[in-house]
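K.L.:
Residues per chain, in single letters:
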Amino acid sequence: MSAGKILEKLGGALFFSGMVCLAAWADDPKPKPENTVHVELTEPVKPQAFGRPLKFFVGEVTDRSGNAQPMLVLKPRGGIFLDRTPVEITREGLTNCLKSAGMLAADRESADFVLNVYLFHFGLSDSSGMDFFGKVEFAVMVKNAKTGKSQQIQAAGTSIAGLAVRKKNIQKNVLEDINKAFEDAVRSLLRGEKLRDAVKALDVPAETKAPPAEAAPPPAAEKPPAHRWN
Amino acid sequence: MRVMRVAMTIALLAAALPGFAKDPEHQYKTVEAKHFTKVEGLELSPEFTDYLYAELRAELTKAKLAGQVIGEGEVVDEADAPASITIEGSITEYKKGSVVKDVLIGYTAGWRSLKVETTIKRRSDQKIIVSPQIHVRASPRWKDKVLAKEAAHEIVKEIKKALKENGTGA
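Each protein sequence line maps, in turn, to chains F and Z.
Count the first sequence with this note's numbering and you get residues 156 to 385, in order.
Count the second sequence with this note's numbering and you get residues 2 to 171, in order.
Bound-form chain F, shown alone (with noise of 0.2 angstroms):
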């Protein structure tokens, strides 16, 4: 094969590649005003009551979904976008909800409890095809900020939203969604029994933490003797 011809064929293999690796690019959708969306809760959710006043403060929020592209949520059609990564909108969901039932602390020191939020999932999940799946999931370390015993639950919160045609009314829908996902993930949380149980767990009030040393048990040879019925 001549030396022409070699080239001649790279040359067509490098222009097939750069023609394949022009449309890889063309497809990737590219973060703009129109295609990004803005979510938040459209209103606080209210935390449950417990046994004493509470204060919580939500210390780190790390995503842990190992998405790469945390900020885009649906890739066909230009793709849709958040204005926001999960991280920012989770720790600013929790701290309005605990901020408006005056259950936020000022800092670290001054709570009871701290909230170490573990991302796992934020956005859509794979649907039957006939609908969207919004789903947000997480964990959250509950920690006494006073003992320093902690215990993690979980948390999650799903939405079904209709496909739609056009792309104004798919990105309301998915907007929707997300939004109704995201609610249902803190209502999940805030609400739950998961941290019903875990409060009454940690919360060990500071006069029953350790029992004196004369309330330990006697040892064996002191133990009154069983008592004999024959």
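No lab work stands behind these hints, which were simulated from the structure alone.
Treat the hints with care, as some may be off.
[Claimed, not checked] A few chain Z residues that face chain F, going by a derived Cβ cut-off under 7 angstroms, partial list only:
| hint | residue |
| --- | --- |
| 1 | A55 |
| 2 | A59 |
| 3 | K63 |
| 4 | G74 |
| 5 | E75 |
| 6 | V77 |
| 7 | D78 |
| 8 | A82 |
| 9 | K122 |
| 10 | V147 |
| 11 | K150 |
All C-beta atoms in this analysis are idealised placements derived from N, C-alpha and C, irrespective of residue type, glycine included.
Here the structure of chain F is known, so what remains is to put chain Z in place on it, guided by the hints.
P.N.:
The following block gives chain Z in isolation, referenced to the frame of chain F:
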């Protein structure tokens, strides 16, 4: 003639009035759907139960069975507990079907099949109100999540029917 017209207008208005009437009071205050369990050995992904749960909640909201459809594990006020229900269920059978049979034979041969046992309990005393059994089928050429959508629709339909037959109120 004029009197007739006035009478007709009044009759039409009277007929349309029920449409403007306030929605009837919901039968229950809250309804809580729980994630359905699966019997061992079923070839269903964990996402399937998540999706079924989401679809069930969406269907319950649409059906207006209760004033509020709450999330799994959400606390309910003591006062509302007697008028609240929970929906639990177990997927007892799943057949993934056969596309070959569906194409060659047709007439629903080789369709996917899902059997679900549901239990509706009163929240306050855990008394079982109804326990309908659902069986849904769908083409194997569709995604398995279509089955979840169909199942959720059937579950709510069956629950409504069973509650109506039982005449069980809050």
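K.L.:
Each of the hints needs a verdict: does it hold here or not?
P.N.:
Going down the list of hints, with the structure as the test:
{"no.": "1", "hint": "A55", "in the structure": "holds (4 angstroms)"}
{"no.": "2", "hint": "A59", "in the structure": "holds (4 angstroms)"}
{"no.": "3", "hint": "K63", "in the structure": "violated (10 angstroms)"}
{"no.": "4", "hint": "G74", "in the structure": "holds (5 angstroms)"}
{"no.": "5", "hint": "E75", "in the structure": "holds (5 angstroms)"}
{"no.": "6", "hint": "V77", "in the structure": "violated (9 angstroms)"}
{"no.": "7", "hint": "D78", "in the structure": "violated (10 angstroms)"}
{"no.": "8", "hint": "A82", "in the structure": "violated (13 angstroms)"}
{"no.": "9", "hint": "K122", "in the structure": "violated (16 angstroms)"}
{"no.": "10", "hint": "V147", "in the structure": "holds (5 angstroms)"}
{"no.": "11", "hint": "K150", "in the structure": "holds (5 angstroms)"}
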